[in-house]
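Trainee: So you can see what is in the structure, the chains are spelled out below.
There are 2 protein chains.
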Amino acid sequence: MASMATLFVNTPYHSHSFPKPSSAHFAPVLKLSTHLGSKPRNRQRLRISNGLIEPDGGKLAELFVEESKKGETKKKAAALPRIKLSRIDLQWVHVISEGWSSPLRGFMRESEFLQTLHFNSLRLDDGSVVNMSVPIVLAIDDAQKRRIGQSTRVALVDSDDNLIAILKDIEIFKHHKEERIARTWGTTAPGLPYVDQAITNAGNWLIGGDLEVLEPIKYNDGLDRFRLSPAQLRDEFTKRNADAVFAFQLRNPVHNGHALLMTDTRRRLLEMGYKNPILLLHPLGGYTKADDVPLSWRMKQHEKVLEDGVLDPETTVVSIFPSPMHYAGPTEVQWHAKARINAGANFYIVGRDPAGMDHPTEKRDLYDADHGKKVLSMAPGLERLNILPFKVAAYDKTQGKMAFFDPSRPQDFLFISGTKMRTLARNKENPPEGFMCPNGWKVLVNYYDSLVPADNDKVPEAVPA
Amino acid sequence: MASMATLFVNTPYHSHSFPKPSSAHFAPVLKLSTHLGSKPRNRQRLRISNGLIEPDGGKLAELFVEESKKGETKKKAAALPRIKLSRIDLQWVHVISEGWSSPLRGFMRESEFLQTLHFNSLRLDDGSVVNMSVPIVLAIDDAQKRRIGQSTRVALVDSDDNLIAILKDIEIFKHHKEERIARTWGTTAPGLPYVDQAITNAGNWLIGGDLEVLEPIKYNDGLDRFRLSPAQLRDEFTKRNADAVFAFQLRNPVHNGHALLMTDTRRRLLEMGYKNPILLLHPLGGYTKADDVPLSWRMKQHEKVLEDGVLDPETTVVSIFPSPMHYAGPTEVQWHAKARINAGANFYIVGRDPAGMDHPTEKRDLYDADHGKKVLSMAPGLERLNILPFKVAAYDKTQGKMAFFDPSRPQDFLFISGTKMRTLARNKENPPEGFMCPNGWKVLVNYYDSLVPADNDKVPEAVPA
Numbered sequence: 001m002a003s004m005a006t007l008f009v010n011t012p013y014h015s016h017s018f019p020k021p022s023s024a025h026f027a028p029v030l031k032l033s034t035h036l037g038s039k040p041r042n043r044q045r046l047r048i049s050n051g052l053i054e055p056d057g058g059k060l061a062e063l064f065v066e067e068s069k070k071g072e073t074k075k076k077a078a079a080l081p082r083i084k085l086s087r088i089d090l091q092w093v094h095v096i097s098e099g100w101s102s103p104l105r106g107f108m109r110e111s112e113f114l115q116t117l118h119f120n121s122l123r124l125d126d127g128s129v130v131n132m133s134v135p136i137v138l139a140i141d142d143a144q145k146r147r148i149g150q151s152t153r154v155a156l157v158d159s160d161d162n163l164i165a166i167l168k169d170i171e172i173f174k175h176h177k178e179e180r181i182a183r184t185w186g187t188t189a190p191g192l193p194y195v196d197q198a199i200t201n202a203g204n205w206l207i208g209g210d211l212e213v214l215e216p217i218k219y220n221d222g223l224d225r226f227r228l229s230p231a232q233l234r235d236e237f238t239k240r241n242a243d244a245v246f247a248f249q250l251r252n253p254v255h256n257g258h259a260l261l262m263t264d265t266r267r268r269l270l271e272m273g274y275k276n277p278i279l280l281l282h283p284l285g286g287y288t289k290a291d292d293v294p295l296s297w298r299m300k301q302h303e304k305v306l307e308d309g310v311l312d313p314e315t316t317v318v319s320i321f322p323s324p325m326h327y328a329g330p331t332e333v334q335w336h337a338k339a340r341i342n343a344g345a346n347f348y349i350v351g352r353d354p355a356g357m358d359h360p361t362e363k364r365d366l367y368d369a370d371h372g373k374k375v376l377s378m379a380p381g382l383e384r385l386n387i388l389p390f391k392v393a394a395y396d397k398t399q400g401k402m403a404f405f406d407p408s409r410p411q412d413f414l415f416i417s418g419t420k421m422r423t424l425a426r427n428k429e430n431p432p433e434g435f436m437c438p439n440g441w442k443v444l445v446n447y448y449d450s451l452v453p454a455d456n457d458k459v460p461e462a463v464p465a
Numbered sequence: 001m002a003s004m005a006t007l008f009v010n011t012p013y014h015s016h017s018f019p020k021p022s023s024a025h026f027a028p029v030l031k032l033s034t035h036l037g038s039k040p041r042n043r044q045r046l047r048i049s050n051g052l053i054e055p056d057g058g059k060l061a062e063l064f065v066e067e068s069k070k071g072e073t074k075k076k077a078a079a080l081p082r083i084k085l086s087r088i089d090l091q092w093v094h095v096i097s098e099g100w101s102s103p104l105r106g107f108m109r110e111s112e113f114l115q116t117l118h119f120n121s122l123r124l125d126d127g128s129v130v131n132m133s134v135p136i137v138l139a140i141d142d143a144q145k146r147r148i149g150q151s152t153r154v155a156l157v158d159s160d161d162n163l164i165a166i167l168k169d170i171e172i173f174k175h176h177k178e179e180r181i182a183r184t185w186g187t188t189a190p191g192l193p194y195v196d197q198a199i200t201n202a203g204n205w206l207i208g209g210d211l212e213v214l215e216p217i218k219y220n221d222g223l224d225r226f227r228l229s230p231a232q233l234r235d236e237f238t239k240r241n242a243d244a245v246f247a248f249q250l251r252n253p254v255h256n257g258h259a260l261l262m263t264d265t266r267r268r269l270l271e272m273g274y275k276n277p278i279l280l281l282h283p284l285g286g287y288t289k290a291d292d293v294p295l296s297w298r299m300k301q302h303e304k305v306l307e308d309g310v311l312d313p314e315t316t317v318v319s320i321f322p323s324p325m326h327y328a329g330p331t332e333v334q335w336h337a338k339a340r341i342n343a344g345a346n347f348y349i350v351g352r353d354p355a356g357m358d359h360p361t362e363k364r365d366l367y368d369a370d371h372g373k374k375v376l377s378m379a380p381g382l383e384r385l386n387i388l389p390f391k392v393a394a395y396d397k398t399q400g401k402m403a404f405f406d407p408s409r410p411q412d413f414l415f416i417s418g419t420k421m422r423t424l425a426r427n428k429e430n431p432p433e434g435f436m437c438p439n440g441w442k443v444l445v446n447y448y449d450s451l452v453p454a455d456n457d458k459v460p461e462a463v464p465a
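If you're matching them up, the sequences are chains A and B in order.
Sequential numbering of the first sequence, starting at 1, is according to our numbering.
Sequential numbering of the second sequence, starting at 1, is according to our numbering.
Derived by calculation from the structure, the hints in this document are not laboratory data.
You may find that some hints are simply not true.
The list treats identical chains as interchangeable, and a pair is accepted whether it falls inside one copy or across any two copies.
To be verified - In silico PhoX-like links for lysine-lysine, alpha-carbon gap of 25 Å or less:
1. K374 to K363
2. K177 to K374
3. K75 to K397
4. K275 to K218
5. K75 to K145
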């Protein structure tokens, strides 16, 4: 992936928490935040940042133990009750520790959990509001709760018992699973992938607290160099003198419709007067459901898209977003957007049915395809983010390429669904020329070819995504 | 109910929308509201009200047609597509038209519906936020939608086809029932009373728009004189020179534990320096589930409680809150509190498990008993309201009366659950002396006596509430 590596300088991890003032061309962002309550909380805060958009809460919450204190921390941890982290738990430690969920400083305590479920937002001590739509919680079972007893802190370890972090000032509260699921997904139908994977069999308690993480989370899968933290991304945008950053969240192969959208967005931003808008092409790297294309194959596909010149490496940063996927539609799209604010993006592209999927038990989409962008545009705490709704791209048979759909001549357009695309790739057929760059398509074909079915009939069925 | 009638002057309906400045002793409320967005929306509004707490949105939304325009309105309505209102729909028209749900001006459009479901709050044009936790919507079916066609307004009629209101600038959008239920109740289990009554068999579309209501809604059940509108309540509080108004929502008979709590609240408010705190004893009068004690019996019981001097008529206003009941726990308690702001209350008493009930299919409470007060204390748009959490009252065997529970001597206290209370009344047994005033208890016994079961074994089973 040499071509992708050239998109950013692979800086070693560093723990500064705020991008240095740069020569970037932003107009100063003036933020006046006043509490609306009747109690006289008129402490006005004037925040001026002359660089990228400010992280939620004013400061990236990077939660790593200082080098000089690591020895001491490990020693203390040895005496603490231990909680073994699942793969998804570890991904959340990754997310929290790098500040994607700023101002969170650890797994949610009950007050944060309840505000997330009921309001999709958190009110900070100064009365300001940040978005927070998806519960970021750690479940424990009865036996673990008993073992923790009166301890105020616990050690978090990975599957090999390596110390990952300390969770301190802990609070243990009930894991009301049904309510969590209903309020997050808007359904309790069986078969929601994240629920099956991480909630149904999880413990009946949640443990919140502040995280102290020993080392940045790495996966040693050859892709760690693409996992830039919010601080590293901010550095990169600053270095490139970005005066606008537009984020594109994806968990699917990039076809030329996506590419058209991204290049068109840059064109629109230039027209608006920005001098150097930078695209953050930001595939989700955490847990995805079994029938999504795995991260490693998606990254290979994205590489080809850049090699083939479909996107401009000069104005594109490709990086991996470490969050697990909820498939929670309008609720989750807020999380996807909020995390990108923390990474420095002030524009967010949102499409049809973001973070959606089929209803697990009924023959319909789980979410109204338009709710995602509507909810996003009204979400508390996201007022600073500019939401850019997707235009619908489809294959224009008259031009032989992907183009924005023209409702005056619908007969000229071909809509190629995710299901259709995957069926073609699985059958080693080609899509219409111009749908996807040929080398990107080959990656997809190779992926499906690599799936050795248990028996010849059982290739996993793809669903639109 | 002569004694209750003396609690307030039975003013005829009037449509002024704001209490006149009075000689009340409030310190001016200074409200500085600033939009938090990045776009320069720094239009600051300075609102000063020198009377009761300001209604949400600054002004009570009273939505009645002016006398002089009624003829014309009726004439126009005759040509419009008609929607027949259910009993619960009519209760919502009542609620909206008097301004309990201010600043709503009609049934919710999609943007209000989505904000309610996802954020339990609405953002107003000036950037300020008001609480709104329960969808107030009107469902129509496919045939009604077809009949409405391209009309921009419809006529709403009651079960006898009497014109009730016009709904104008309508917007029709999908009624995603499963999602509405899951996000409002935190469960989709079958057997939720409001769902069975008003959602399951309702149409697959929702129609929002602005209401123009012909006449204040009346029920002709002998209780209309107790149904004071928010404007009428505000007048009453002003006339009484209230300098604090504390609201007590209930849908159950008042026992001496409740009374203790209310008198103790007044004592605390006096200690805080208020000179004339007024209690708004505010039984819910809309739809309740079959095994709740009906409104007419509850009103008789409340009357006896006042006659027997358990509560002081001088400092108590009894009125009926016209809203239907959702039994949606932490979500609904916000609605109960928000509506009372609009009626002039600046203190709200909240107990254990407000608006809760048994889980419809599992042997447990539907909601965590502490979530209601926690969610209420954090709810967006309710910052101006002072939340007064319940102290636990129980029967103190050493004193022979209801008293605040003293954890140092638990053996002295008897907890009498709703189920226990109802079982006693049904069996014509007496509770411990001092649990409820004797005449109030007689009303309860008479109520259960009046229930003629279909066969002798089938008295409706009471549930704790």
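Trainee: Under a CA distance limit of 25 Å, which applies to K374 and K363: within one copy, between copies, both, or neither?
Mentor: within (23 Å within a copy, 38 Å between copies)
Trainee: Reference check for the pair K75 and K145, CA-CA at most 25 Å: within, between, both, or neither?
Mentor: within (22 Å within a copy, 69 Å between copies)
Trainee: With identical chains, the pair K275 and K218 could be close in the same copy or across copies; at 25 Å between alpha carbons, which is it: within, between, both, or neither?
Mentor: neither (35 Å within a copy, 64 Å between copies)
Trainee: What label fits K177 with K374 when the C-alpha limit is 25 Å: within, between, both, or neither?
Mentor: Between. Shortest inter-copy distance 18 Å satisfies the 25 Å Cα cut-off; intra-copy 27 Å does not.
Trainee: With 25 Å as the alpha-carbon cut-off, assign the pair K75 and K397 to within, between, both or neither.
Mentor: Close neither inside one copy (66 Å) nor across copies (54 Å); limit 25 Å.
Of the numbered hints listed earlier, those contradicted by the structure are 3, 4.
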